[in-house]
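Chemist: Letter by letter, the chains look like this.
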Amino acid sequence: MLGTINSIGVLALAVGALAGLAMLAAAGTALWKARSLLHKEFFSYFLSPIAYAVLVVFLGVQGWLVAGTLDLLIASGPRGVEWPLQHWLSSPVFWLVFLAACPLLTMRTFAEEKASGTLEMLMTSPLSDWQVVLAKYAGCLLFYMVLWLPTVVYLPILAGVSFGWTGLSSTADLAPVFTTYLGLFLAGAMFLAMGVCVSSMVRDQLVAAQASLALGVVFLAGSFAANAMDGGTGYQLAYYLSVPLHFDRAFTRGVVDLRPVTLYATVGLFSLFLTVRSLESRRYA
Amino acid sequence: MIDVANLTKYYGDFAAVRDVTFSVGKGEVVGFLGPNGAGKSTTMRMLTGYLVPSGGRAVVAGCDVLEEPLRARSLIGYMPENCPLYPDMRVEEYLAFRAGIKGVHGARSRARVAECMEKCWLTGVRRQLVGTLSKGYRQRVGLADALVGDPPVLILDEPTSGLDPTQIIETRRLIAELGREHTVLVSTHILSEVEKTCTRAVIIARGKVLAQGTLGELCPPGQSLEKMFLDLVEEREAVGA
Numbered sequence: 173m174l175g176t177i178n179s180i181g182v183l184a185l186a187v188g189a190l191a192g193l194a195m196l197a198a199a200g201t202a203l204w205k206a207r208s209l210l211h212k213e214f215f216s217y218f219l220s221p222i223a224y225a226v227l228v229v230f231l232g233v234q235g236w237l238v239a240g241t242l243d244l245l246i247a248s249g250p251r252g253v254e255w256p257l258q259h260w261l262s263s264p265v266f267w268l269v270f271l272a273a274c275p276l277l278t279m280r281t282f283a284e285e286k287a288s289g290t291l292e293m294l295m296t297s298p299l300s301d302w303q304v305v306l307a308k309y310a311g312c313l314l315f316y317m318v319l320w321l322p323t324v325v326y327l328p329i330l331a332g333v334s335f336g337w338t339g340l341s342s343t344a345d346l347a348p349v350f351t352t353y354l355g356l357f358l359a360g361a362m363f364l365a366m367g368v369c370v371s372s373m374v375r376d377q378l379v380a381a382q383a384s385l386a387l388g389v390v391f392l393a394g395s396f397a398a399n400a401m402d403g404g405t406g407y408q409l410a411y412y413l414s415v416p417l418h419f420d421r422a423f424t425r426g427v428v429d430l431r432p433v434t435l436y437a438t439v440g441l442f443s444l445f446l447t448v449r450s451l452e453s454r455r456y457a
Numbered sequence: 002m003i004d005v006a007n008l009t010k011y012y013g014d015f016a017a018v019r020d021v022t023f024s025v026g027k028g029e030v031v032g033f034l035g036p037n038g039a040g041k042s043t044t045m046r047m048l049t050g051y052l053v054p055s056g057g058r059a060v061v062a063g064c065d066v067l068e069e070p071l072r073a074r075s076l077i078g079y080m081p082e083n084c085p086l087y088p089d090m091r092v093e094e095y096l097a098f099r100a101g102i103k104g105v106h107g108a109r110s111r112a113r114v115a116e117c118m119e120k121c122w123l124t125g126v127r128r129q130l131v132g133t134l135s136k137g138y139r140q141r142v143g144l145a146d147a148l149v150g151d152p153p154v155l156i157l158d159e160p161t162s163g164l165d166p167t168q169i170i171e172t173r174r175l176i177a178e179l180g181r182e183h184t185v186l187v188s189t190h191i192l193s194e195v196e197k198t199c200t201r202a203v204i205i206a207r208g209k210v211l212a213q214g215t216l217g218e219l220c221p222p223g224q225s226l227e228k229m230f231l232d233l234v235e236e237r238e239a240v241g242a
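Sequence lines, in order, name chains B and Z.
Residue 173 is where the first sequence starts when you use the numbering used here, and the numbers rise one by one after that.
Residue 2 is where the second sequence starts when you use the numbering used here, and the numbers rise one by one after that.
I should point out that these hints are in silico values taken from the structure, not numbers from a laboratory.
One thing to keep in mind: the hints can contain errors.
[Unchecked claim] On the chain B side, residues computed to face chain Z include the following (Cβ under 8 angstroms):
no. : residue
1   : G240
2   : L244
3   : T290
4   : M293
5   : M295
6   : T296
7   : S297
8   : Y456
Note that CB positions come from ideal geometry on N, CA and C, so glycine has one too.
Only chain B is shown next, with the shape it has when bound in the complex (with noise of 0.2 angstroms):
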């Protein structure tokens, strides 16, 4: 009976793997094909005063977390901290800083293209609809990579990580700091998603930001609650969508649980999705 369901259960997971793989190539294509685009969105941020205002709060605010996680570590006594990732993630301060930098990072993605009258150009290309969200989705979460890539200079100091003859090793635990990048990166693919489907949506850069970031609340807001739930029903809902949560019990733990990645991956898709036919609800206005 077990052999059974074990079976069934992986094929489930070799089918959305080749379906997986089948829509990384299509996006892929998309990519190539738009890459001009791509390109334009990426640089494009380098040249805005958000982008720069995000960065430097996003990394000040990280380097401050650093410091005190840096302290417990090699305080005396017992003031430990057994996961230090863990420690530096579940602080309530990043939360609301990342928050409020993903959509700083979307407003502009479409509700400006709409506000100056380039959509029209956009969409009288020879570019598909998937094409342009993708390739500007695509700019963001590049960008975003960006925005965390000096973290990694907190990984020798941090974890112990050394890069030498031998390959990279470390005196901490290596695993948690790959599940950690990981997590990160698909929350915040998530999260882009979201803004970038909500800047599809409204005219205002303003009104884009502030209702992403509405909208991010409701996987923030249950992590705040959780501490005072017991582990019943009210607790598992909590851990499902509230994004700190997932990273408090799984990913700076070492562990890739399915379950947000899951939930990452189709609220993403599907805001992806519900910005393609927003735009081409357009052409039928």
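Starting from the known structure of chain B, fit chain Z onto it as the hints suggest.
Modeler: Using the frame of chain B, we list chain Z on its own:
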């Protein structure tokens, strides 16, 4: 090259374009003439794929605009009204970006961009930010953008609006020159422009085509285009939408 049959567009209950039928042959420069709000921009947006028609058919360079939209769009160079551009990009950068979007990359893109900049007298401002350009230059960038993919069909929505007299003359000369290699559909409400650049004209008012044909056919010698146009439009208004 452009065949439009019974094209209709409703915005809710309001018919912006109703049963518009006309065609543009290869190598022609056709003027799309009409008062403001006649439906010129709406028709052009339907041809370029920005809007989906409520009824009718449009075929551009052999591709049905609804059945093969991407291919049809790749064969059209479109310059919308008010020429929207990205103010933070340089002229060269912007044209290279648009060339890339139209599938022209690498060395061919650099060659095409240089060619289009020269044709539209933009070489002097190639490194200038688009946001700092004057209206005349911006229109030229829009025109260069329409040309950069080397499309067989050009659809230009009021290309001389807001320009000063010298710029208007230059742009008209450019359009007439482009007419030798491309098929051009120009929309305007300036009658003298039609007289100077176009071989044929389609007159549209309140969403319906009132008359079409060569300038000789439309107004007999002795009568000015202006009088003919005003008569037609007034008659239309008297009869009612």
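Chemist: Next step is simple, just say for each hint if it's right about the structure.
Modeler: Hints, one by one, checked against the model:
1. With a least beta-carbon distance of about 38 angstroms to chain Z, the hint placing G240 of chain B at the interface is violated under the 8 angstroms criterion.
2. Taking 8 angstroms as the C-beta cut-off, the interface hint given for L244 of chain B is violated, the closest approach to chain Z being about 44 angstroms.
3. Interface hint at T290 of chain B: satisfied, since its Cβ lies 4 angstroms from the closest Cβ of chain Z, which is below the 8 angstroms cut-off.
4. Interface hint status for M293 of chain B: upheld, as the beta-carbon distance to the closest one in chain Z is roughly 6 angstroms, under 8 angstroms.
5. At its closest, the beta carbon of M295 of chain B sits 5 angstroms from a beta carbon of chain Z; the interface hint therefore holds under the 8 angstroms criterion.
6. For T296 of chain B, the suggested interface contact is upheld, since its CB lies about 4 angstroms from the closest CB of chain Z, less than 8 angstroms.
7. A distance limit of 8 angstroms between C-beta atoms decides the matter here; for S297 of chain B the minimum to chain Z is near 5 angstroms, and the interface restraint holds.
8. Hint status for Y456 of chain B relative to chain Z: holds, with the closest Cβ pair at about 5 angstroms, below 8 angstroms.
Against the hints set out earlier in the document, violations occur for numbers 1, 2.
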